[in-house]
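This is what each chain is made of:
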Amino acid sequence: MRIDFRPSGICLPDVDLWLDSTEPCPNCWISHGHSDHARGLHGHVFGTAPTLEIYRLRNPETAGASPECTPVEYGEPFEFGGARLTALPASHILGAAQLLIEFAGERTVYTGDIKLNDPLCGTPTILAACDRLIIESTFGLPIYQFLDREEARDRIVGFARETLDDGISPVFIGYPLGRGQEIAHVLTNAGIPTAVHGSIARYIPVYERAGFEFPEWMPYANRETAGKALVVTPEFRNYLEASGKNIRIAYVSGWAVLDNARARSGAEVLIPYSDHAGFDELTAIVEGTGARHVDVVHGYTEPFAKLLRDRGVDARAPLPATARGSVEQQEG
Amino acid sequence: MDTLAEVAERVASHSSRLRKIAILAGYFRGLDDADLDRSVRFLSGGPAAYVPATATLFGDGESRTLSIGWATLRDSALPAIGIDADTFRLCAQEVGDLGEAIGLLVRRRTAGEPLTLAAAEQLYAQLYRARQTAGKVRILEHVFSTYRPLAVKYFVKVIGGSLRIGLQAKMVEEAVAAATGAALDEVRAANNRLGNLAVVALAARHGQLHEIEAELFHPMDFMLAKPLDSAADLAGPENWIVEDKFDGIRSQIHFSNGRVVIYTRGMDEVTQAFPEIEGAMQKVPGSGVIDGEVLAWRDGRALAFTVLQQRIARKRVSRSMIESVPAAFMAYDILLRDGAMLVDRPIEERRAILEDTFRDQPFPLMVSAEWDPVDAATIDSLFEDARIRGNEGLLLKRRGSLYEPGKRSGAWYKLKRPYATLDVVITAAEQGHGKRATMLSDYTFAVRAGDTFLNVGKAYSGLTDPEIRELTRILRSDAVGKFGRVIAVKPQVVLEVAFDGIQKSPRHKSGFALRFPRIVRWRQDKRPEEVDDLERVKALYESSMNLTAPHE
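Chains A and B are the protein sequences, given in the same order. Going by numbering that gives the first Met the number 0, the first sequence opens with residue 0, and the numbers climb by one from there. Going by numbering that gives the first Met the number 0, the second sequence opens with residue 0, and the numbers climb by one from there.
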């Protein structure tokens, strides 16, 4: 099967299908709802039900008839363009899926954004054996190893309780989709009064429909922050700091592995938990699929491909590396 | 070491200075004397281990730093980590701190054994003693494969001498005071006298601070002068003593019956670079500590700092170098004489003892001239005279004042004027510390050279917080690359910088570096094509050389 790697997405001309195209295309597989994957007014889109719901929420121009949306279930194969396609859970965020493409006797898996460890909210990853793997490498250097789900939960709840006991409001910086809901889910289920910023809260109903509970969560209100844990977006931190409120900030992210994340995020406390795979998880995914050919897209593509080659895997980075500056901005 | 590492991580996770000090004080309280000594040294950049002078590579005198370079640390880490050198370099670059990078990379790979402070100190002592790189590598390989990742992280940071956890030396002093119940002033004063906070901490714990005396051949902190823009700002000109402000190397000479050591403000020993001063000081009877300036001197006047710089560049100097750039020592204060501490005696008394000490001593030993001004106008004309003599400006010292080591108290003022200003463009920016941690506040800047820009220096301050915030936004959007904490940017933002001189510098591609650059203003009205060019920098450098260069 031919695979055409382009900056705007991956094209499978034999199947007439695009993977996570950010520009309009006739038929598009959307791996998950983050805007660097789910964007553009396509003719026909495929994805899990939560992914498609988030895609419509985030792209109001899709409110009309177009595009045609076909929701797919994890593990249920369907035919398209002469190929057999199967969505597999990817742990990353709610609804995130890998795509197994069986075509002309060859099995190819596109991971989308993925983590191997169990997520706080989402469906645990299931790996499929394949010949060829297209994998992301947001954290494709061995310095990046993260807390597991239980450790992260303990650190989030521990920091919140400790800080509230000191009479200070704990603030968690999370990305609007994924991390923000995971943190709010952990805090509310630990019985901690939690106020959630609007741009994170707007996706809570999607999570609730998927069965994740947020008991007694409250919308963030400017005058009522005392005695509560606050879950806000990175952009909101500057405002909170300038407001002179009695707060202490924690940054929950893969980038929080590094001490320099303090300077970058403005947080005092670093909780290194990500919805992406850490380095050991990435190599375990490669090994787990048994793929003989690996294409690395997103993140530390060249160095990660080289590390895989050192381990005897035929790996390459088909696209030039992302500019360093923009990797930093990526949701991690 | 495991506990110290955890404490350091907690200190790093609080931006409040008071919380940092409280965490540290709590830790110090629980330690016995030996561990208090070790932990204070590790946390305050003191010697990692005390090793008899004869056992070190450095000949006489103890060196304060373990000289272990980047490559040695890398080569020691690779076997434990199992990655190649290129990936290691990339990881270290992303992390921006070698100790932290190695600590991250040895996770899940070390035996995870505990490391006590005593055992860590022994390892440092072995590193001091190891004469060959191979020996050092063996010790470090053992460390990296044996102890817990967090202990490894801080073990390496201590070698580098800087922990980068937002903990300044002054805060460690405060924590020592809080932990021992001693008065902060007394802890500071004792540390200024002795220059070894670990010894001070033990004395504080046992109520023996008053017994701490300055010791010969342990450099004390220097007293510093506050900047003053104009003599007109000075209350009561008649209350001040005036001296020329020389542009040399501020130095402290310790001498005792023939033994002489010259320390700089960085506490480096530079004795060997100035044998004529060492030789002259060997003939001064008795013992003492003298504060002053090492200068290049010819025909009754100081030569430009750029000339003197040729002498510092090498450890041992040739006879021809001594002849072409003769060095002299201009003394202006005395802190210790024949066992008596003088810092608490008034300046007039110290001055008399200094003059007595240098009486009849020939060149290159001198005592700086002083004047008693009666009004601001006298000070102005003295300033002009100092400039004509090729000096930077004036130092004003309050009558009756004491010598306050390590302080910039306002008992001394320096009056100088900028040498020139240049318009430059920012080429790289770095995050600041503390309050400015989220902002790009440190700028590398360049002048024009044909179609390109070449760096001539780096400056830290001079802009207001709102300006820095605005610049941070602009610079981030102009980013073209990243190296650890440093962001390279498209040359867009123009600054006007003032500075005190120009020197040759191999660090910058331009071949020049500005001395003490500071930002005067952000030139939003200028475009990068309009900044000054390398020719102007060269011309300024050459005119400074002509003014005071030796006659060939």
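Read the hints as simulated data drawn from the structure, not as lab findings. Here the structure is a predicted model, which is why all the values come from computation and not from measurement. All C-beta atoms in this analysis are idealised placements derived from N, C-alpha and C, irrespective of residue type, glycine included. Do not take every clue at face value.
16 Å max Cα-Cα, derived EDC-like pairs, lysine to aspartate or glutamate [unchecked claim]:
#, chain 1, residue 1, chain 2, residue 2
1, A, Lys305, B, Asp85
2, B, Lys413, B, Glu140
3, B, Lys406, B, Glu347
4, B, Lys457, B, Glu429
5, A, Lys305, B, Asp343
6, B, Lys481, B, Glu429
If you want the ones that stay clear, here's a sample from chain A, every Cβ over 12 Å from chain B, calculated [claimed, not checked]:
#, residue
7, Phe77
8, Phe102
9, Arg106
10, Gln144
11, Ala266
With the threshold set at 16 Å, check whether the alpha-carbon distance from lysine 305 of chain A to aspartate 85 of chain B stays at or below it. holds, 10 Å
Arginine 106 of chain A non-interfacial with respect to chain B [C-beta, more than 12 Å]: holds, 30 Å
Examine each Cβ of chain B, and state whether all of them lie more than 12 Å from the Cβ of glutamine 144 of chain A. It is violated; glutamine 144 of chain A is separated from chain B by about 6 Å at its closest Cβ, not greater than 12 Å.
Holds or violated: lysine 481 of chain B to glutamate 429 of chain B, with C-alpha atoms at most 16 Å apart: holds, 10 Å
Status of alanine 266 of chain A, Cβ more than 12 Å from any chain B Cβ: Incorrect as stated: the minimum Cβ-Cβ distance to chain B is 9 Å, not above 12 Å.
Hinted pair, alpha-carbon criterion (16 Å max): lysine 457 of chain B, glutamate 429 of chain B. Please report holds or violated. Cα-Cα ~10 Å, so holds.
What's the verdict on lysine 406 of chain B and glutamate 347 of chain B, does the C-alpha distance respect the 16 Å limit or exceed it? violated, 19 Å
Would the least Cβ to Cβ distance between phenylalanine 102 of chain A and chain B come out above 12 Å? About 34 Å separates phenylalanine 102 of chain A from the closest Cβ of chain B, which puts it past 12 Å; holds.
Could you grab the alpha-carbon distance between lysine 305 of chain A and aspartate 343 of chain B and see if it respects the 16 Å cut-off? Cα-Cα ~65 Å, so violated.
Far enough from chain B: is every CB of that chain over 12 Å from the CB of phenylalanine 77 of chain A? holds, 40 Å
Can you confirm whether the C-alpha distance between lysine 413 of chain B and glutamate 140 of chain B stays at or below 16 Å? This hinted pair is violated, its Cα atoms lying about 50 Å apart.
The structure fails to meet hints 2, 3, 5, 10, 11 from the earlier list, while all remaining hints are met.
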